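Protein chains in written order, with my numbering: chain A, 1 to 268; chain B, 1001 to 1288; chain C, 2001 to 2401.
Since the hints were made in silico from the structure, they are not lab data. Some hints could be false.
[Stated by the list, open to error] Just the calculated beta-carbon pair ranges, DEER-fashion:
{"hint": "1", "chain 1": "B", "residue 1": "D1068", "chain 2": "C", "residue 2": "Q2076", "range": "45 to 53 Å"}
{"hint": "2", "chain 1": "C", "residue 1": "D2348", "chain 2": "A", "residue 2": "E47", "range": "57 to 65 Å"}
{"hint": "3", "chain 1": "C", "residue 1": "N2224", "chain 2": "B", "residue 2": "I1135", "range": "53 to 61 Å"}
{"hint": "4", "chain 1": "A", "residue 1": "L46", "chain 2": "B", "residue 2": "S1149", "range": "34 to 42 Å"}
[Claimed, not checked] So these bits of chain C aren't anywhere near chain B, every CB distance computed over 10 Å:
{"hint": "5", "residue": "L2148"}
{"hint": "6", "residue": "G2250"}
{"hint": "7", "residue": "Y2255"}
[Claimed, not checked] Taking lysine-lysine pairs in the BS3-like style, the calculated list, with each CA pair at most 30 Å apart, reads:
{"hint": "8", "chain 1": "C", "residue 1": "K2160", "chain 2": "C", "residue 2": "K2204"}
{"hint": "9", "chain 1": "C", "residue 1": "K2160", "chain 2": "C", "residue 2": "K2286"}
{"hint": "10", "chain 1": "C", "residue 1": "K2096", "chain 2": "C", "residue 2": "K2186"}
{"hint": "11", "chain 1": "C", "residue 1": "K2376", "chain 2": "C", "residue 2": "K2186"}
{"hint": "12", "chain 1": "C", "residue 1": "K2186", "chain 2": "C", "residue 2": "K2204"}
{"hint": "13", "chain 1": "A", "residue 1": "K258", "chain 2": "B", "residue 2": "K1104"}
{"hint": "14", "chain 1": "C", "residue 1": "K2096", "chain 2": "B", "residue 2": "K1141"}
{"hint": "15", "chain 1": "C", "residue 1": "K2376", "chain 2": "B", "residue 2": "K1141"}
{"hint": "16", "chain 1": "C", "residue 1": "K2376", "chain 2": "A", "residue 2": "K63"}
{"hint": "17", "chain 1": "A", "residue 1": "K256", "chain 2": "B", "residue 2": "K1104"}
{"hint": "18", "chain 1": "C", "residue 1": "K2204", "chain 2": "B", "residue 2": "K1141"}
{"hint": "19", "chain 1": "A", "residue 1": "K63", "chain 2": "C", "residue 2": "K2096"}
Quantities reported herein were computed from a predicted structural model and do not represent experimental measurements. Virtual Cβ for every residue (Gly too), placed ideally from N, Cα, C.
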Amino acid sequence: MKKGRILPIYTGLVIAYLFIPIFVMALFGFNDPVGRFNFQWHGFTLEWYRRLFDVEELVIGIKNSLLVATVSTFFATIFGTLMALAISRYKFRGRSALNLFIFIPMATPEVVLGVSLLGLFVTLQLSRGFLTLVITHILFCISYVVVTVRARTTNLDSNLEDAAQDLGADPWTTFWTVTFPLILPGIVAGAFLAFALSIDDYVISSFNAGSTITLPLWIVGASRIGVPPQVNVMGTLLFMVGVLYVVGAVIAGRRKEKLIAPPVLSKG
Amino acid sequence: MAEATTGRRGRGLVAYLLALPGALWLGIFFLIPMVTMFSLSLQEGSFERGYVFTGRVQNYFDALSLYDTQLYRSLIYGLIVTVVTLALSYPMAYWIALRGGRYKNLFLLLILLPFFTPFVIRTLSWKFILADEGIFLGTLKDWGILPDSYQLLATPTAVVCGMIYNFLPFMALPLYVALERLDPRLLDASNDLYSNRTQTFLKVTLPLSLPGVFAGSLLTFIPAVGDFINADLLGGVNTTMIGNVIQREFQTNLDFPTGSALSFLLMFGILVGVFIYARAIGTEELSG
Amino acid sequence: MNDRIRMQDISRREMLRRMGIGVGALSTTALLAACGVSGQADKPTPSGSDGGGLAGQDPAGQLDFANWPLYIDRAQGRRPTLEDFTKETGIEVSYKEVIDDNESFFGTIREPLANGQSSGWDIIVMTDWMIAKMNRLGYLEELDHDLLGNFAANAGEIYKNPTYDANNAHSIPWQSGITGIGYNPKLTGREITSMNDLFDPAFKGKVGMFTEMRDSMSFALLKNGIHPQDATPEDVDAAAAALLKQRDDGIVRDYYGNSYADALLREDLWITMAWSGDVFQLQLDKPDLKFVVPDEGAILWVDNMAIPKGAEHPVDAHMFMDYVYQPEVAAQITAWVNYICPVPAARDILASSDDKFTQTVAESPLVFTTPDMESKLYHYKDLDEDEEQTWNDLFNQVIQG
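Chain A on its own, in the form it takes in the complex (with noise of 0.2 Å):
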C-alpha cells in the first residue's frame, strides 16, 4: 500500500533530523583544527580521544556535574517518591492544594525559578556554590520525581497488599517486600528523569552555581571563545552511552517476547 508508506517515511526523516547536530557534533570530534576554533574541517585524527582528559576545567566541569546530579537525585527521588505515595494513596485535608504546589514549579519558566532562588540566597547571605546548586537542583526535581512515580502508585492494585496483610504482614513488611518492589521501576524512572535533568541544566545553575563550574556552564562559557574537539569527544561518549542503552533496552525486550507463547503474540 504505498500509500502507508508516507507517514513511516515521514516519522523516519523526523527522527533523522533530530540526530543531525549529533552527528555533526560527533564528526568534528575527529577533526584537527588549526587554532583554537573547530569550525573547518582539516583532517582526521583520533588525538582528541587519547587527550580526552587534558583540558583540566572540562573534567572539573564532568565531576561537578556528576556530583551535584547524584546528590540532588537522591534527595529529590526520595522526597519525590514519599509525596507521591502520600498523595496517591491517602485521603487528607489539603491533598488538591499539594498537588497543585507540585505542578507549579514544573509550569514556572527556569528564569524565574533560576533568580528567585538567587534572590533567597542573597537575603540569607549563602554564598553561591555547590550547596546552594544542591539545594536547587533537589528543588527542580522532585515535582518530575513525583509525577513519574505517582504514575505508578496510582495504577497499584491494592488487592496485592490487601493479600500481604491478611497472610500476616505488618505495614512496614507489607510495603517493603510487596509495594515498594512494584513501585521501584517508577522510583528508578523518576531517579533517572531527575538525573537527566540536573546534568543538562544551564538555565537556573547559571543564576545559583556561584565559582562551581558544571559541565553546561563551562560549556556555555568555553563556546564563546572556542570550545575544545574534547567537548565533542565526551559528547559523543555520553551519546554512545545511550546508543547502548537502547540496543540493551531492545535485546531484553525480544528476550521477554521470546518467553511469551508464540501464539500470544501473533495479532493477525
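We have chain A already, so just place chains B and C on it with the hints.
What follows is chains B and C alone, placed relative to chain A:
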C-alpha cells in the same frame, strides 16, 4: 486517571509525615523565594544606595512599557514553537502509537536518545551548522541558490528553529502516550460507521488525543516563552526574549525590582495564554 | 596547539634569576628579612585587614584567582606560569576563567561584598573603570606595596599612579589593551580606516559591537568626533542615538562579549569592535585578519589585578602579583596572551628569543605600543554614579532590542 485510595489507611497522619520533607522543601525553596521576589518587585532604589520596600506598583508599568516588545515577542515565539512542534510531532506520534507495533518502544527510545547529549552541546552544534559560510549555508551559496548576504544565525528564524528542535520531544511524548491509550476497537468501529479515514481521524482520534495535545502544548509553551539560551546562542539583535532581559536585569544591571516585576509579568502572560487555550479546547476533554 | 614558548628558554632565564640577578625574593623568610620588624601584624580576619599589616605573615598555600579567558599562558592544557609559581612558592592556584565582562562578573560577587563577606576570590582582574567603581564602594583591599617590590622596580612608568587608582593603592596592572576595529579585508573588500566604517550600510548585518557599555558608547562618541573625556550630556545622547540608528538600520549583527572573535573567524562578522590581543591571536588561524586604530581614535584600557575585600588568602595574592612582575614571567605571559605588557623590560627578553613567533610579538605595535598610536588612544571617561546610571539606561535601550 483513577485515584486509588485505600480507605482503611485513611489516617491522615501518615500521609502528612510522608509528604512533609518534600512539601517543606518546596515551601522553603519555592514558595518563600516567590514571596520574596514579589516583595522585591514592589521596591525601589538603586543598587549602590540599596532597595527599600515602598509598595511601588508603578514598577510593573515601568517594566512593561520598557520591555513590552520583548514580552510579546516571547509569547509569540512560544506560540509559534508550540504550533509547529505540534504539527511536526503529531503525524510521527500517531504512526508510532498506532502502527509501530513491536517497535513502539524502540522509536520512543530513539526520540529520547539525543537527550543523552547535553542540550547546550546540541544547540552549539546547530550554531555551527547554520553558520553563514558553514557546511549548510556555505554550500547553498556556492551553488548560487542563496544570495551571499543571506544569514540564518542572529535572526528570529534561527532562534525559533532552535527552540523547535529542543522542544520537539516534549510535544511528541505526551502525544504518543495519549494516542497509545486509544482503544483500537474504537477506531475500527468508527471506520465501520464513517466512510473514510479522514472522518475517523477528525471525529474520533483527534478529540480523544486532546489531553495529550494539551499536556504537550503546556510542556512546550511554558519553557519556550521563558527560554533564553536559544536567543543567547543563536540569536542576534532583534531576538531578545524576556528571559534574556530578566537575566540581564538580575545579573548585570542589578535592577532587582524591574527583574522581579518582569518575572511576574511573564508568569501572568503564560497563565493567560494557558487559560485561553484550556477554554478553547474545552475542559471536559482534559481530565483523563 | 598553542605551545609557543619553548620551555628551555624560560628555565635558562629562571636559573639566571635564581642566581640573584632578578629583583625581589619571594620566600617569606626573605620578606621578613627585607621588611624588618613586622612580627606584630594581626592575622587577617574575614572582614579584611588593612594593607599595612601583611608583611611577616605566612601564605596560606592557596590562591583563588578569577580571570578573563585566554589571559594567561597555556601549553598542552597546562598553565606554565601558574605551575612555575606553585613550584616556587608551594601555593596551589585555583584558576578560573569566569570573567566574560566586567558587569556580569561584578554581579556575581556584589552581594557577599556588600554584606561584608568574602567573595570567594583572592585575585580578580577588572578593567580600570570597574576598579574605580569598586574602590568607590570600598570593595577592594588596600595593597601592601612592601610585598610588591617587583612592581615598583619593573613596571612601566605610565602604569604607576593611574587616574583610576591613585598610587596603585588597590590594584596593579595585569595587561593593557586597545579596543579598536578588527576586520577581514577579503570580506569588507577594502581597507578600514575610520570609525564610520562600523556604521557603514555596506556592511549591513555583518558588524559586531560590544556589550561593554563603555567600549561601545566611547566608540560612538569618537565617531561623532568627541573625545570621551570631554563628552557632555548632549554628546552622550547623540552617541546613544547613533548606536540606536546603527541597530535599527540592521547594520549590527549582534552585541558581543568575548564571542566576537569566534564570529569574526567564522566570517559571521566582516568588521567588528575588537581587542588587540585577540586579533593578534586570530591571525594565526586567519592571517588575513587585520586590526586597526581608526583615525578618530580608539580606547586604551588597563586590566588590573585587585584583591576583593575579605579575601581569604591576601598574602598569597600579593606573592602572585609580585611574581608576575619579573621581566621573564611577564615576557612568558605576554608572549602567549599578546596584549600590552606592563613591564617594558620584557620586550628585550622576547626579542632575543629563538622562536620566530615570539620575535613577532616583541616587534608588534599591538603589544608594545608606538608613540604614534598612543596619540590616537584615549581612556574611558570617568563616570560617577549618576552618569553611569544615565549611560547604562541609554545603552540598555540599545542592546535590549
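Check your understanding: Where does the structure disagree with the numbered hints, that is, which hint numbers, in rising order?
Key -> 2, 3, 6, 7, 8, 9, 10, 14, 15 and 16
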